[in-house]
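> Single-letter residue listing:
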Amino acid sequence: MSVRIRLTAFCFAGAWAAMAATAVAQVYVGHDIPRGGNVEISGGVGWAAGNDLGSISAEETRNTGTGTGPFVLFDADSKMKAAAGLQAHIGMFVSSAVSIEGGVLGARPHVTTQLSGDAESASDLIADETLTRLIIDGSVLFHFTGASFGGGRGVPFVFGGGGYLRDAHEKNEVIDTGHEYHAGAGLHYWTGQGKHRVGIRADGGLSWRTGGADFSGTTRAVPTITGSIAYLF
Amino acid sequence: MRRASALMLTALMVAALSSPVSAYLKLGTKLGTRTVTLKWSQLPIRYFVTDRGTSGVTSTQLQQAVQSAFSTWEGVPTAQISSQFVGFTLATPSSGDGATVIGFQNRPGLDRTLGATSFMIDTTTGAIVESDIFFNSAFSWSVSAQGESGSFDLQSIALHEIGHLHGLAHSAMGETELRPGGRRVIAAEAVMFPIAFSAGTILGRTLRADDIAGIGDIYPSSTYTRNTGSISGKVTKSGKGVLGAHVIAFDMQTQKLVGGFSLSDDGSFVIAGLDPGPHVLRVEPLDDGDIESFFDATLNIDVDFRAQFYNKIIVVPKAGGTGGVELKVVAK
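Protein chains in written order, with this note's numbering: chain P, 1 to 233; chain L, 1 to 332.
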């Protein structure tokens with residue numbers, strides 16, 4: 001009787017050990033990095049650096065014989081302040097290395113306009129307003145699977161894409177739209193095991209923006225960084 | 001009942017006025033206790049041109065210059081106006097004959113007046129029923145496409161006077177400097193500025209944003225109603241309204257300048273005909289020398305305050321208005 005009990009206990013222990021060994025092998029072989037067909041959902045915060053929106057002047061047409069160039073009534077120098085916002089993405093892995101994704105970013109950046117050089121000596125002043133900014137974009141990500149680390153958990157990537165820029169002025173009654181193109185590099189770090197995994201994602205890059213709330217008519221290069229919680233399935 | 005009214009505008013004085021600031025202004029008149037905007041109630045405006053030219057300008061060239069000026073105003077998409085040249089006449093451009101007549105008159109006594117516009121109005125409705133324009137042939141005139149040194153451009157001056165004929169008063173969007181014998185324009189951003197550009201230039205042939213906003217305000221087309229907006233508010237000093245302050249709206253996207261005046265004792269102003277988008281707001285006093293070119297001399301126009309900016313960017317909505325702006329100014 002006592003012999004049978006020991007055998008049973010031994011057999012259970014052996015079976016558990018075998019299963020554990022098998023499970024570890026499956027994670028390492030099948031899910032070290034995302035593979036084609038995996039879907040990633042991420043959300044977090046984004047930050048964009050401030051940028052110039054252009055220097056303009058209030059000008060009047062100069063009479064002949066009174067000087068050259070337009071008469072400047074005053075100057076207006078506008079800047080977009082750095083702003084943090086919320087962002088979310090959904091993407092699909094086409095292969096272990098390549099994924100495509102779409103995303104949205106919302107922020108409330110502050111615009112300031114330095115008014116100076118008044119012809120009637122009005123005191124310099126900073127006028128301001130707050131925008132509601134929305135960027136809807138699409139990107140292609142290329143993951144350097146050969147450079148993964150941490151047992152396949154950490155995977156660096158580069159990305160590039162473009163999107164639609166929408167700036168709503170205060171009261172949301174006036175909308176300025178434009179385009180945005182971006183490129184950069186980042187890192188995925190996955191935790192857990194199995195098909196459903198959670199990870200973190202961080203990236204940084206440059207966003208080239210045309211249109212939107214802008215008084216210069218030029219393309220602005222804006223440094224950006226984002227940090228997200230990501231879910232893979 | 002119709003009665004002749006002596007609303008004589010001495011426009012485009014070569015010298016005499018003072019400085020800066022902006023704003024279109026509509027002509028108005030008192031009917032009993034109410035003030036009404038002067039405008040034509042019947043379109044097209046039917047006009048005659050005098051069959052007399054002046055040195056260097058034939059009557060046909062006069063008619064062509066006048067017609068070009070009418071066409072320029074009628075080309076404003078935010079305004080609904082029209083005119084019709086009826087024919088040449090031997091009548092003089094003087095009020096009271098029931099016909100709108102435009103032509104030269106020799107007025108050497110008006111040595112600083114290039115031209116003037118007079119009206120006859122219906123005193124029950126304020127509608128303009130006749131308006132006459134004379135160009136002072138005591139000056140040298142030109143209809144040259146590129147302008148002519150030493151001569152005033154007839155089309156430019158006609159554009160200004162026909163602005164009056166439609167009901168626009170003077171704009172203060174300009175700068176002048178004091179010189180021996182009077183003031184000279186340094187710069188202007190409105191055809192309706194009361195002082196003309198120098199002889200020889202054709203800069204005055206082009207309407208500016210302030211003129212366009214003004215004509216649209218008086219004769220709004222559906223485009224005006226659908227696509228423009230306004231800013232309204234008050235100019236106050238020590239808690240009291242400021243009368244006659246000039247408020248300029250600067251469009252940060254198009255760089256257009258359009259202005260308005262505070263026209264009541266509580267300092268209320270409205271600037272209409274603005275493109276939607278962010279604007280900078282600036283207020284300044286109308287200098288003493290300017291007042292009679294813009295307002296009745298009996299009004300207590302406050303010029304004792306400093307020019308200043310408003311501390312918020314004002315966003316003008318499409319087909320709507322942003323109100324409640326209070327510009328608090330301080331005494332000089």
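Do not take every clue at face value.
When the alpha-carbon atoms are kept at most 25 Å apart in a straight line, the in silico DSS-like pairs for lysine-lysine are as follows [claimed, not checked]:
| id | chain 1 | residue 1 | chain 2 | residue 2 |
| --- | --- | --- | --- | --- |
| 1 | L | 318 | P | 171 |
| 2 | P | 171 | L | 237 |
| 3 | L | 39 | P | 81 |
| 4 | P | 171 | P | 81 |
| 5 | P | 79 | L | 332 |
Okay, the calculated beta carbon distance ranges per label pair [stated by the list, open to error]:
| id | chain 1 | residue 1 | chain 2 | residue 2 | range |
| --- | --- | --- | --- | --- | --- |
| 6 | P | 208 | L | 182 | 30 to 36 Å |
| 7 | P | 123 | L | 299 | 36 to 42 Å |
| 8 | P | 72 | L | 144 | 26 to 32 Å |
| 9 | L | 35 | P | 138 | 25 to 31 Å |
| 10 | L | 44 | P | 72 | 38 to 44 Å |
| 11 | L | 144 | P | 160 | 43 to 49 Å |
The set of hints was computed from the structure by calculation and includes no laboratory data. Ideal placement from N, C-alpha and C gives every residue a C-beta, glycine not left out.
> A separate judgement is required for each hint: does it hold in the structure or not?
Hint by hint, here is what the structure shows:
1. Taken as a hint, the residue 318 of chain L and residue 171 of chain P pair is honoured in the structure, with Cα atoms around 12 Å apart against an allowance of 25 Å.
2. As the CA atoms of residue 171 of chain P and residue 237 of chain L are separated by approximately 28 Å, the hinted pair breaks the 25 Å bound.
3. Between residue 39 of chain L and residue 81 of chain P the CA atoms are separated by roughly 47 Å; this puts the pair beyond 25 Å, and the hint is violated.
4. For a cut-off of 25 Å, the pair hint linking residue 171 of chain P to residue 81 of chain P stands: about 19 Å separates their Cα positions.
5. In summary, the hint linking residue 79 of chain P to residue 332 of chain L is not supported, as the alpha carbons are separated by about 31 Å, beyond the 25 Å threshold.
6. Between residue 208 of chain P and residue 182 of chain L the C-beta distance comes to about 54 Å, which lies outside the given range of 30 to 36 Å.
7. Checked against the hint of 36 to 42 Å, the pair residue 123 of chain P and residue 299 of chain L fails, with Cβ atoms roughly 28 Å apart.
8. At roughly 30 Å, the beta-carbon separation of residue 72 of chain P and residue 144 of chain L lies within the given 26 to 32 Å, and the hint holds.
9. Residue 35 of chain L and residue 138 of chain P have their C-beta atoms about 58 Å apart, which leaves the hinted 25 to 31 Å range violated.
10. Distance hint check for residue 44 of chain L and residue 72 of chain P: the Cβ-Cβ separation is about 40 Å, which falls inside the suggested range of 38 to 44 Å.
11. At about 58 Å, the beta-carbon gap between residue 144 of chain L and residue 160 of chain P misses the expected band of 43 to 49 Å.
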